[in-house]
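Colleague: Sequence:
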Amino acid sequence: MTELKLYSERQFDVRPQLFGSFLEHMGTVVYTGVYEPTHPTANARGSRGDVLKLVQELGLKTLRYPGGNYTSSYHWEDTVGKKRPKRMNLAWQSLETNEFGLDEFFKWCQDAGVTNPILTVNLGTRGIDDALHELEYVNGRYDTDWANQRRLNGHTDPYNVKYWCLGNELDGPWQVAKKTAQEYGRLANETSKAMKLMDPTIQTILVGSSTPRLGTYPEWDFKALMEAYDNVDFIAMHDYVDRRQSERLDQPDPREPDDLPTYLARSREFDHQIEEIEAIADAVKALKRSDKTMNISFDEWNVHRSSLKEPQPWTTHNPVDWCYFNLADTLLFGSMALAILRHGDRVKLSCQALLVNTIPLILTDEGGNAWANPTYYILQSLLQNLSDNSQVIASSIVDGDVYSTQRYQDVPVIDQVVLKTKDAYTVYAVNRGGHAKTLTVQLPTAVQTGVHRVLTGNLTDENTREHPETLVPQEVALSVEAGKTSQTCTLPAYSWSVITYQD
1 MTELKLYSER
11 QFDVRPQLFG
21 SFLEHMGTVV
31 YTGVYEPTHP
41 TANARGSRGD
51 VLKLVQELGL
61 KTLRYPGGNY
71 TSSYHWEDTV
81 GKKRPKRMNL
91 AWQSLETNEF
101 GLDEFFKWCQ
111 DAGVTNPILT
121 VNLGTRGIDD
131 ALHELEYVNG
141 RYDTDWANQR
151 RLNGHTDPYN
161 VKYWCLGNEL
171 DGPWQVAKKT
181 AQEYGRLANE
191 TSKAMKLMDP
201 TIQTILVGSS
211 TPRLGTYPEW
221 DFKALMEAYD
231 NVDFIAMHDY
241 VDRRQSERLD
251 QPDPREPDDL
261 PTYLARSREF
271 DHQIEEIEAI
281 ADAVKALKRS
291 DKTMNISFDE
301 WNVHRSSLKE
311 PQPWTTHNPV
321 DWCYFNLADT
331 LLFGSMALAI
341 LRHGDRVKLS
351 CQALLVNTIP
361 LILTDEGGNA
371 WANPTYYILQ
381 SLLQNLSDNS
391 QVIASSIVDG
401 DVYSTQRYQD
411 VPVIDQVVLK
421 TKDAYTVYAV
431 NRGGHAKTLT
441 VQLPTAVQTG
451 VHRVLTGNLT
461 DENTREHPET
471 LVPQEVALSV
481 EAGKTSQTCT
491 LPAYSWSVIT
501 YQD
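For the sequence shown, full-length UniProt numbering puts the final residue at 503, and the numbers step up evenly by one.
Take these hints with a grain of salt, some might be off.
[To be verified] Straight-line alpha carbon distances no greater than 25 Å define the calculated SDA-like cross-link-like pairs of lysine to any residue that follow:
id : residue 1 : residue 2
1  : K193      : D233
2  : K285      : H155
3  : K292      : S307
4  : K82       : H155
5  : K484      : I397
Read the hints as simulated data drawn from the structure, not as lab findings.
Could you build the full structure based on these sequences and the hints that come with them?
Modeller: Next up, the structure:
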(Lines of atoms letter the chains of each structure in order from A and count residues from 1; the text may use other names and numbers.)
(Lines give C-alpha, C1' and ligand atoms only; values in the text may rest on other atoms or scores of the structure.)
Protein backbone atom coordinates (compact mmCIF):
# COMPACT_ATOMS: atom_id res chain seq x y z
CA MET A 1 0.00 0.00 0.00
CA THR A 2 1.23 3.49 -0.89
CA GLU A 3 0.39 6.43 1.36
CA LEU A 4 0.10 10.01 0.12
CA LYS A 5 0.27 12.81 2.69
CA LEU A 6 -0.53 16.44 2.00
CA TYR A 7 1.17 19.26 3.83
CA SER A 8 0.33 22.94 3.87
CA GLU A 9 3.78 24.54 4.09
CA ARG A 10 3.88 24.99 0.32
CA GLN A 11 0.76 25.86 -1.65
CA PHE A 12 0.43 28.04 -4.70
CA ASP A 13 -2.29 29.23 -7.04
CA VAL A 14 -2.67 27.86 -10.55
CA ARG A 15 -4.94 29.23 -13.26
CA PRO A 16 -6.60 27.80 -16.41
CA GLN A 17 -4.02 29.58 -18.59
CA LEU A 18 -1.38 27.17 -17.25
CA PHE A 19 -2.32 24.50 -19.79
CA GLY A 20 -2.70 25.72 -23.36
CA SER A 21 -1.97 24.44 -26.84
CA PHE A 22 -0.41 25.67 -30.06
CA LEU A 23 -1.34 26.31 -33.70
CA GLU A 24 1.41 26.65 -36.29
CA HIS A 25 1.38 26.81 -40.08
CA MET A 26 2.93 23.37 -40.26
CA GLY A 27 1.71 20.37 -42.19
CA THR A 28 -2.06 20.10 -41.87
CA VAL A 29 -2.40 21.84 -38.51
CA VAL A 30 -4.23 24.83 -40.00
CA TYR A 31 -5.39 23.80 -43.47
CA THR A 32 -7.71 20.76 -43.20
CA GLY A 33 -6.99 20.80 -39.46
CA VAL A 34 -8.83 23.75 -37.92
CA TYR A 35 -9.67 25.44 -41.24
CA GLU A 36 -11.39 23.67 -44.15
CA PRO A 37 -14.15 25.75 -45.80
CA THR A 38 -15.34 22.81 -47.93
CA HIS A 39 -15.76 20.44 -44.99
CA PRO A 40 -19.35 19.29 -44.30
CA THR A 41 -19.20 20.73 -40.77
CA ALA A 42 -17.53 24.05 -41.71
CA ASN A 43 -19.09 27.24 -40.42
CA ALA A 44 -19.43 30.48 -42.36
CA ARG A 45 -15.82 31.37 -41.46
CA GLY A 46 -14.44 28.14 -42.89
CA SER A 47 -13.64 26.58 -39.52
CA ARG A 48 -14.28 22.88 -39.09
CA GLY A 49 -17.24 22.48 -36.73
CA ASP A 50 -16.20 19.01 -35.58
CA VAL A 51 -12.81 20.34 -34.47
CA LEU A 52 -14.38 23.37 -32.78
CA LYS A 53 -16.65 21.05 -30.80
CA LEU A 54 -13.69 19.01 -29.58
CA VAL A 55 -11.77 22.16 -28.62
CA GLN A 56 -14.77 23.56 -26.75
CA GLU A 57 -15.17 20.28 -24.87
CA LEU A 58 -11.45 20.33 -24.08
CA GLY A 59 -11.92 23.63 -22.24
CA LEU A 60 -8.91 25.27 -23.87
CA LYS A 61 -8.32 28.94 -22.99
CA THR A 62 -4.67 29.54 -23.99
CA LEU A 63 -3.35 29.15 -27.54
CA ARG A 64 -0.01 30.13 -29.07
CA TYR A 65 0.16 31.23 -32.74
CA PRO A 66 1.53 31.22 -35.49
CA GLY A 67 4.73 29.43 -34.49
CA GLY A 68 7.13 28.05 -33.93
CA ASN A 69 9.87 27.85 -36.52
CA TYR A 70 7.42 29.29 -39.03
CA THR A 71 7.69 32.74 -37.46
CA SER A 72 11.40 33.24 -38.20
CA SER A 73 10.59 34.16 -41.80
CA TYR A 74 6.97 35.22 -41.23
CA HIS A 75 5.48 38.42 -42.69
CA TRP A 76 2.39 39.04 -40.60
CA GLU A 77 1.04 41.75 -42.93
CA ASP A 78 0.70 39.15 -45.72
CA THR A 79 -2.05 37.54 -43.62
CA VAL A 80 -4.46 40.48 -43.29
CA GLY A 81 -6.65 42.40 -45.72
CA LYS A 82 -7.74 41.33 -49.19
CA LYS A 83 -4.35 40.87 -50.79
CA ARG A 84 -2.87 37.58 -49.56
CA PRO A 85 0.37 36.78 -51.42
CA LYS A 86 1.42 33.15 -51.57
CA ARG A 87 4.82 32.58 -49.90
CA MET A 88 7.33 29.79 -49.41
CA ASN A 89 7.15 28.43 -45.85
CA LEU A 90 10.88 27.88 -45.30
CA ALA A 91 10.55 26.16 -41.96
CA TRP A 92 8.26 23.36 -43.14
CA GLN A 93 8.93 23.27 -46.89
CA SER A 94 5.41 24.09 -47.99
CA LEU A 95 3.54 26.78 -49.92
CA GLU A 96 1.66 29.18 -47.66
CA THR A 97 -1.50 30.71 -49.15
CA ASN A 98 -2.07 33.06 -46.17
CA GLU A 99 -5.79 32.37 -46.54
CA PHE A 100 -5.87 31.83 -42.78
CA GLY A 101 -4.24 34.82 -41.10
CA LEU A 102 -4.33 36.94 -37.98
CA ASP A 103 -7.96 38.04 -38.21
CA GLU A 104 -9.10 34.51 -39.05
CA PHE A 105 -7.15 33.23 -36.05
CA PHE A 106 -8.91 35.63 -33.69
CA LYS A 107 -12.31 34.71 -35.15
CA TRP A 108 -11.45 31.04 -34.66
CA CYS A 109 -10.44 31.73 -31.03
CA GLN A 110 -13.79 33.42 -30.46
CA ASP A 111 -15.66 30.41 -31.86
CA ALA A 112 -13.54 27.96 -29.87
CA GLY A 113 -13.79 29.78 -26.54
CA VAL A 114 -10.07 30.60 -26.43
CA THR A 115 -9.67 33.79 -24.39
CA ASN A 116 -5.91 33.96 -23.92
CA PRO A 117 -4.05 33.98 -27.28
CA ILE A 118 -0.26 34.20 -27.34
CA LEU A 119 1.37 35.71 -30.43
CA THR A 120 4.95 35.20 -31.64
CA VAL A 121 6.75 37.95 -33.54
CA ASN A 122 9.50 37.40 -36.12
CA LEU A 123 12.88 38.23 -34.61
CA GLY A 124 14.65 36.00 -37.09
CA THR A 125 14.61 37.78 -40.45
CA ARG A 126 12.84 40.88 -39.06
CA GLY A 127 13.06 43.13 -36.04
CA ILE A 128 11.71 45.95 -33.88
CA ASP A 129 9.72 47.92 -36.49
CA ASP A 130 7.82 44.87 -37.70
CA ALA A 131 7.02 43.79 -34.14
CA LEU A 132 5.70 47.28 -33.40
CA HIS A 133 3.58 47.32 -36.55
CA GLU A 134 2.04 43.96 -35.68
CA LEU A 135 1.36 45.07 -32.11
CA GLU A 136 -0.28 48.26 -33.41
CA TYR A 137 -2.49 46.25 -35.77
CA VAL A 138 -3.52 43.79 -33.05
CA ASN A 139 -3.82 46.02 -29.97
CA GLY A 140 -3.83 49.58 -31.34
CA ARG A 141 -6.61 51.81 -30.05
CA TYR A 142 -5.63 55.22 -31.45
CA ASP A 143 -6.08 56.91 -34.83
CA THR A 144 -2.92 55.40 -36.34
CA ASP A 145 -2.15 53.64 -39.59
CA TRP A 146 -2.03 49.97 -38.64
CA ALA A 147 -4.88 50.26 -36.14
CA ASN A 148 -6.94 51.90 -38.89
CA GLN A 149 -6.02 49.09 -41.29
CA ARG A 150 -7.50 46.65 -38.79
CA ARG A 151 -10.65 48.75 -38.63
CA LEU A 152 -10.86 48.85 -42.44
CA ASN A 153 -10.58 45.05 -42.39
CA GLY A 154 -13.75 44.93 -40.28
CA HIS A 155 -12.36 44.69 -36.75
CA THR A 156 -13.17 47.87 -34.87
CA ASP A 157 -12.03 46.84 -31.41
CA PRO A 158 -8.46 45.95 -30.46
CA TYR A 159 -7.77 42.26 -29.84
CA ASN A 160 -5.98 43.07 -26.56
CA VAL A 161 -3.41 40.28 -26.76
CA LYS A 162 -1.47 40.21 -23.50
CA TYR A 163 1.33 37.72 -24.13
CA TRP A 164 3.95 38.12 -26.89
CA CYS A 165 6.80 35.71 -27.68
CA LEU A 166 9.95 37.52 -28.82
CA GLY A 167 10.81 35.07 -31.58
CA ASN A 168 11.24 31.32 -31.43
CA GLU A 169 14.13 28.86 -30.93
CA LEU A 170 16.76 31.26 -32.24
CA ASP A 171 19.51 29.12 -30.70
CA GLY A 172 18.62 26.17 -32.97
CA PRO A 173 20.90 25.23 -35.90
CA TRP A 174 17.72 24.45 -37.88
CA GLN A 175 16.35 27.97 -37.41
CA VAL A 176 16.18 30.61 -40.14
CA ALA A 177 18.37 33.52 -38.92
CA LYS A 178 19.92 31.70 -35.96
CA LYS A 179 21.56 34.09 -33.49
CA THR A 180 24.02 34.02 -30.63
CA ALA A 181 22.58 34.42 -27.17
CA GLN A 182 24.05 37.90 -26.77
CA GLU A 183 22.83 39.29 -30.10
CA TYR A 184 19.41 37.75 -29.61
CA GLY A 185 19.21 39.00 -26.01
CA ARG A 186 20.01 42.56 -27.07
CA LEU A 187 17.44 42.48 -29.88
CA ALA A 188 14.79 40.97 -27.61
CA ASN A 189 15.48 43.51 -24.89
CA GLU A 190 15.10 46.48 -27.24
CA THR A 191 12.05 44.96 -28.94
CA SER A 192 10.31 44.34 -25.63
CA LYS A 193 11.17 47.83 -24.40
CA ALA A 194 9.71 49.42 -27.54
CA MET A 195 6.60 47.21 -27.54
CA LYS A 196 5.88 48.15 -23.91
CA LEU A 197 6.22 51.83 -24.75
CA MET A 198 3.44 51.28 -27.29
CA ASP A 199 1.33 49.08 -25.01
CA PRO A 200 2.32 48.93 -21.32
CA THR A 201 -0.29 46.23 -20.61
CA ILE A 202 1.52 43.45 -22.50
CA GLN A 203 3.93 40.85 -21.15
CA THR A 204 6.80 39.47 -23.22
CA ILE A 205 8.43 36.04 -23.39
CA LEU A 206 12.18 35.67 -24.01
CA VAL A 207 13.43 32.78 -26.13
CA GLY A 208 15.20 30.21 -23.97
CA SER A 209 17.01 27.08 -25.09
CA SER A 210 15.15 25.06 -27.72
CA THR A 211 16.00 21.87 -25.87
CA PRO A 212 18.35 20.69 -23.14
CA ARG A 213 19.87 18.42 -25.79
CA LEU A 214 21.86 21.26 -27.38
CA GLY A 215 25.44 21.90 -26.35
CA THR A 216 24.61 25.56 -25.65
CA TYR A 217 22.09 24.65 -22.91
CA PRO A 218 21.78 26.27 -20.36
CA GLU A 219 24.43 28.86 -21.16
CA TRP A 220 22.12 30.38 -23.80
CA ASP A 221 19.43 31.05 -21.19
CA PHE A 222 21.89 32.76 -18.84
CA LYS A 223 23.41 35.00 -21.52
CA ALA A 224 20.05 35.97 -23.05
CA LEU A 225 18.63 36.77 -19.62
CA MET A 226 21.65 38.89 -18.75
CA GLU A 227 20.86 41.04 -21.77
CA ALA A 228 17.09 41.27 -21.37
CA TYR A 229 16.12 40.50 -17.75
CA ASP A 230 14.84 43.98 -16.91
CA ASN A 231 12.45 44.26 -19.85
CA VAL A 232 10.91 40.80 -20.23
CA ASP A 233 8.43 38.89 -18.07
CA PHE A 234 9.00 35.22 -18.92
CA ILE A 235 11.71 32.96 -20.23
CA ALA A 236 10.53 30.25 -22.61
CA MET A 237 11.21 26.53 -22.24
CA HIS A 238 10.83 23.90 -24.96
CA ASP A 239 11.21 20.13 -24.78
CA TYR A 240 9.94 17.05 -26.59
CA VAL A 241 10.51 13.42 -25.65
CA ASP A 242 10.79 10.71 -28.30
CA ARG A 243 11.39 7.08 -27.34
CA ARG A 244 14.21 7.00 -29.90
CA GLN A 245 15.44 10.54 -29.45
CA SER A 246 19.05 11.59 -29.72
CA GLU A 247 20.62 12.81 -26.52
CA ARG A 248 22.47 15.52 -28.49
CA LEU A 249 20.61 17.21 -31.32
CA ASP A 250 23.69 19.10 -32.52
CA GLN A 251 25.74 15.95 -33.24
CA PRO A 252 25.08 12.37 -34.41
CA ASP A 253 23.87 10.23 -31.54
CA PRO A 254 22.06 7.08 -32.69
CA ARG A 255 20.69 4.85 -29.95
CA GLU A 256 18.23 2.08 -29.23
CA PRO A 257 14.67 2.96 -28.17
CA ASP A 258 14.01 3.32 -24.46
CA ASP A 259 12.76 0.31 -22.59
CA LEU A 260 9.33 0.93 -21.07
CA PRO A 261 10.43 1.76 -17.47
CA THR A 262 12.99 4.28 -18.78
CA TYR A 263 10.52 5.84 -21.19
CA LEU A 264 7.84 6.32 -18.52
CA ALA A 265 10.43 7.94 -16.24
CA ARG A 266 11.58 10.55 -18.78
CA SER A 267 9.15 13.09 -17.35
CA ARG A 268 11.68 13.46 -14.52
CA GLU A 269 13.78 15.44 -16.99
CA PHE A 270 10.95 17.99 -17.16
CA ASP A 271 11.17 18.48 -13.39
CA HIS A 272 14.96 18.78 -13.64
CA GLN A 273 14.86 21.18 -16.60
CA ILE A 274 12.33 23.48 -14.91
CA GLU A 275 14.45 23.56 -11.76
CA GLU A 276 17.58 24.34 -13.78
CA ILE A 277 15.93 27.26 -15.57
CA GLU A 278 14.59 28.56 -12.25
CA ALA A 279 18.15 28.45 -10.89
CA ILE A 280 19.57 30.23 -13.95
CA ALA A 281 16.90 32.95 -13.74
CA ASP A 282 17.45 33.42 -10.02
CA ALA A 283 21.22 33.68 -10.54
CA VAL A 284 20.65 36.50 -13.06
CA LYS A 285 18.21 38.13 -10.64
CA ALA A 286 20.89 38.11 -7.95
CA LEU A 287 23.63 39.40 -10.27
CA LYS A 288 21.39 42.25 -11.41
CA ARG A 289 20.21 42.95 -7.85
CA SER A 290 16.67 42.84 -9.20
CA ASP A 291 13.45 42.65 -7.22
CA LYS A 292 11.71 40.83 -10.08
CA THR A 293 11.32 37.05 -10.12
CA MET A 294 11.32 35.68 -13.66
CA ASN A 295 8.43 33.38 -14.54
CA ILE A 296 8.59 30.52 -17.05
CA SER A 297 6.52 29.89 -20.17
CA PHE A 298 6.86 26.22 -21.14
CA ASP A 299 5.42 27.11 -24.52
CA GLU A 300 6.34 23.96 -26.44
CA TRP A 301 6.16 20.50 -24.90
CA ASN A 302 4.93 17.06 -25.86
CA VAL A 303 5.78 13.46 -26.48
CA HIS A 304 6.92 12.85 -30.04
CA ARG A 305 6.47 10.06 -32.55
CA SER A 306 7.45 9.79 -36.20
CA SER A 307 5.09 10.80 -38.98
CA LEU A 308 2.67 8.28 -40.43
CA LYS A 309 2.40 10.23 -43.69
CA GLU A 310 5.02 10.77 -46.38
CA PRO A 311 6.13 14.40 -46.69
CA GLN A 312 5.19 16.18 -49.91
CA PRO A 313 7.57 19.18 -50.03
CA TRP A 314 6.39 22.45 -51.54
CA THR A 315 2.73 21.57 -51.55
CA THR A 316 0.12 23.56 -49.63
CA HIS A 317 -0.53 20.64 -47.25
CA ASN A 318 2.90 19.11 -46.72
CA PRO A 319 2.13 16.55 -43.95
CA VAL A 320 5.48 16.79 -42.15
CA ASP A 321 4.06 15.05 -39.08
CA TRP A 322 0.90 13.10 -38.23
CA CYS A 323 0.76 10.36 -35.61
CA TYR A 324 -1.21 8.27 -33.18
CA PHE A 325 -0.21 8.12 -29.52
CA ASN A 326 -0.52 4.82 -27.65
CA LEU A 327 -1.13 4.27 -23.95
CA ALA A 328 2.59 4.31 -23.07
CA ASP A 329 2.96 7.71 -24.79
CA THR A 330 -0.15 8.94 -22.99
CA LEU A 331 1.10 7.96 -19.53
CA LEU A 332 4.39 9.76 -20.18
CA PHE A 333 2.41 12.79 -21.41
CA GLY A 334 0.43 12.68 -18.16
CA SER A 335 3.60 12.71 -16.07
CA MET A 336 5.00 15.58 -18.16
CA ALA A 337 1.85 17.56 -17.42
CA LEU A 338 2.17 16.76 -13.71
CA ALA A 339 5.76 18.05 -13.75
CA ILE A 340 4.46 21.37 -15.10
CA LEU A 341 1.60 21.45 -12.58
CA ARG A 342 3.81 20.81 -9.56
CA HIS A 343 6.06 23.69 -10.67
CA GLY A 344 3.12 26.04 -11.23
CA ASP A 345 4.58 28.54 -8.79
CA ARG A 346 7.07 29.51 -11.53
CA VAL A 347 5.64 28.02 -14.73
CA LYS A 348 2.67 30.30 -15.38
CA LEU A 349 2.06 29.45 -19.06
CA SER A 350 2.50 26.27 -21.04
CA CYS A 351 1.51 25.18 -24.54
CA GLN A 352 1.25 21.57 -25.59
CA ALA A 353 2.40 21.38 -29.20
CA LEU A 354 0.38 20.99 -31.34
CA LEU A 355 -3.39 21.11 -31.20
CA VAL A 356 -4.25 19.36 -34.48
CA ASN A 357 -2.56 16.76 -36.72
CA THR A 358 1.11 17.38 -35.85
CA ILE A 359 1.95 15.33 -32.71
CA PRO A 360 -1.59 16.37 -31.87
CA LEU A 361 -4.39 16.26 -29.37
CA ILE A 362 -6.87 16.06 -32.27
CA LEU A 363 -6.59 14.20 -35.58
CA THR A 364 -8.52 15.01 -38.75
CA ASP A 365 -9.07 13.50 -42.17
CA GLU A 366 -9.51 15.96 -45.01
CA GLY A 367 -13.23 15.99 -45.78
CA GLY A 368 -13.75 13.33 -43.11
CA ASN A 369 -13.92 12.84 -39.37
CA ALA A 370 -12.11 14.38 -36.42
CA TRP A 371 -11.24 12.42 -33.28
CA ALA A 372 -9.03 12.67 -30.21
CA ASN A 373 -5.68 11.15 -29.42
CA PRO A 374 -5.75 9.81 -25.84
CA THR A 375 -3.47 12.67 -24.71
CA TYR A 376 -6.47 14.95 -25.32
CA TYR A 377 -8.21 13.42 -22.29
CA ILE A 378 -5.22 14.09 -20.03
CA LEU A 379 -5.29 17.80 -20.84
CA GLN A 380 -9.08 17.89 -20.63
CA SER A 381 -9.07 16.43 -17.11
CA LEU A 382 -6.55 19.06 -15.99
CA LEU A 383 -8.46 21.96 -17.53
CA GLN A 384 -11.75 20.79 -16.02
CA ASN A 385 -10.39 21.39 -12.51
CA LEU A 386 -8.35 24.56 -13.00
CA SER A 387 -10.11 27.75 -12.01
CA ASP A 388 -9.35 31.14 -10.52
CA ASN A 389 -9.37 29.61 -7.05
CA SER A 390 -7.43 26.38 -7.59
CA GLN A 391 -4.22 25.59 -5.71
CA VAL A 392 -1.55 22.92 -5.92
CA ILE A 393 -0.91 21.41 -2.49
CA ALA A 394 2.58 20.08 -1.93
CA SER A 395 2.46 16.37 -1.14
CA SER A 396 4.75 13.44 -0.54
CA ILE A 397 4.52 9.71 -1.04
CA VAL A 398 5.21 7.78 2.16
CA ASP A 399 6.65 4.27 1.77
CA GLY A 400 5.79 4.13 -1.94
CA ASP A 401 7.37 1.68 -4.35
CA VAL A 402 10.24 2.88 -6.54
CA TYR A 403 12.19 1.36 -9.41
CA SER A 404 15.54 2.03 -11.07
CA THR A 405 16.84 1.80 -14.61
CA GLN A 406 20.27 2.32 -16.10
CA ARG A 407 19.39 6.00 -16.64
CA TYR A 408 17.16 6.80 -13.65
CA GLN A 409 17.36 5.83 -10.00
CA ASP A 410 14.55 5.60 -7.43
CA VAL A 411 11.67 6.46 -9.76
CA PRO A 412 8.34 6.54 -7.87
CA VAL A 413 5.95 4.00 -9.37
CA ILE A 414 3.12 6.41 -8.55
CA ASP A 415 3.56 9.93 -9.96
CA GLN A 416 1.04 12.36 -8.48
CA VAL A 417 -0.05 15.95 -7.87
CA VAL A 418 -2.93 17.13 -5.68
CA LEU A 419 -5.10 20.08 -6.66
CA LYS A 420 -7.40 21.91 -4.24
CA THR A 421 -10.46 23.72 -5.54
CA LYS A 422 -13.24 25.51 -3.65
CA ASP A 423 -14.92 22.38 -2.31
CA ALA A 424 -12.83 19.45 -3.51
CA TYR A 425 -9.42 17.78 -3.61
CA THR A 426 -8.39 16.19 -6.91
CA VAL A 427 -5.58 13.64 -7.00
CA TYR A 428 -3.94 13.19 -10.41
CA ALA A 429 -1.93 9.99 -10.49
CA VAL A 430 0.03 7.97 -13.06
CA ASN A 431 0.72 4.34 -12.21
CA ARG A 432 3.93 3.58 -14.09
CA GLY A 433 3.88 -0.06 -12.98
CA GLY A 434 2.45 -3.27 -14.35
CA HIS A 435 0.43 -4.05 -11.21
CA ALA A 436 -2.51 -2.32 -9.54
CA LYS A 437 -1.53 -0.16 -6.57
CA THR A 438 -3.53 0.78 -3.49
CA LEU A 439 -3.20 4.46 -2.61
CA THR A 440 -4.16 5.89 0.76
CA VAL A 441 -4.64 9.66 0.76
CA GLN A 442 -4.40 11.65 4.01
CA LEU A 443 -6.52 14.77 3.36
CA PRO A 444 -6.50 17.95 5.49
CA THR A 445 -10.27 17.84 5.97
CA ALA A 446 -12.98 15.19 6.01
CA VAL A 447 -14.77 14.42 2.73
CA GLN A 448 -18.22 13.09 1.91
CA THR A 449 -18.18 11.83 -1.69
CA GLY A 450 -15.75 10.96 -4.44
CA VAL A 451 -15.40 10.07 -8.11
CA HIS A 452 -12.61 8.07 -9.75
CA ARG A 453 -12.01 8.23 -13.52
CA VAL A 454 -9.34 6.09 -15.17
CA LEU A 455 -7.68 5.95 -18.58
CA THR A 456 -6.03 2.57 -19.11
CA GLY A 457 -5.80 -0.36 -21.52
CA ASN A 458 -3.09 -2.19 -23.41
CA LEU A 459 0.17 -0.28 -23.73
CA THR A 460 0.01 -0.39 -27.53
CA ASP A 461 -3.64 0.71 -27.79
CA GLU A 462 -4.35 3.76 -29.98
CA ASN A 463 -7.38 5.82 -30.99
CA THR A 464 -7.46 5.16 -34.73
CA ARG A 465 -9.89 6.47 -37.33
CA GLU A 466 -11.52 3.01 -37.33
CA HIS A 467 -11.63 2.80 -33.51
CA PRO A 468 -11.50 6.39 -32.21
CA GLU A 469 -12.58 5.60 -28.64
CA THR A 470 -10.27 2.75 -27.69
CA LEU A 471 -8.61 4.87 -24.99
CA VAL A 472 -11.05 7.16 -23.20
CA PRO A 473 -11.53 7.80 -19.46
CA GLN A 474 -14.01 5.57 -17.66
CA GLU A 475 -15.57 5.99 -14.23
CA VAL A 476 -14.69 3.15 -11.86
CA ALA A 477 -15.95 2.20 -8.42
CA LEU A 478 -14.63 4.27 -5.53
CA SER A 479 -15.37 3.50 -1.90
CA VAL A 480 -15.47 6.68 0.23
CA GLU A 481 -15.58 6.71 4.02
CA ALA A 482 -17.84 9.70 4.57
CA GLY A 483 -16.64 12.08 7.24
CA LYS A 484 -13.10 10.69 7.23
CA THR A 485 -9.83 12.39 6.26
CA SER A 486 -8.12 9.15 5.23
CA GLN A 487 -9.33 7.65 1.93
CA THR A 488 -8.18 4.63 -0.06
CA CYS A 489 -8.39 3.90 -3.78
CA THR A 490 -6.94 1.44 -6.28
CA LEU A 491 -4.88 2.61 -9.25
CA PRO A 492 -4.98 0.08 -12.11
CA ALA A 493 -1.75 -1.04 -13.76
CA TYR A 494 -0.41 1.39 -16.36
CA SER A 495 -3.08 4.02 -15.82
CA TRP A 496 -3.93 7.71 -15.55
CA SER A 497 -6.31 8.36 -12.65
CA VAL A 498 -8.27 11.43 -11.61
CA ILE A 499 -9.77 10.99 -8.12
CA THR A 500 -11.94 13.84 -6.87
CA TYR A 501 -12.96 13.97 -3.20
CA GLN A 502 -15.64 16.50 -2.27
CA ASP A 503 -16.42 18.05 1.11
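Colleague: Now look at each hint and say whether the structure bears it out.
Modeller: Outcome of the hint check:
With a C-alpha separation of about 11 Å, the suggested pairing of K193 with D233 holds against the 25 Å cut-off. Using a Cα cut-off of 25 Å, the hinted pair K285 and H155 is violated, with the two alpha carbons roughly 41 Å apart. Proximity of K292 to S307 is assessed by CA-CA distance (about 42 Å); at most 25 Å being required, the pair is judged violated. Taking the CA atoms of K82 and H155, the gap is about 14 Å. The hint holds against a cut of 25 Å.
Restraint check for K484 and I397: satisfied, since their Cα atoms lie roughly 19 Å apart, inside the 25 Å limit.
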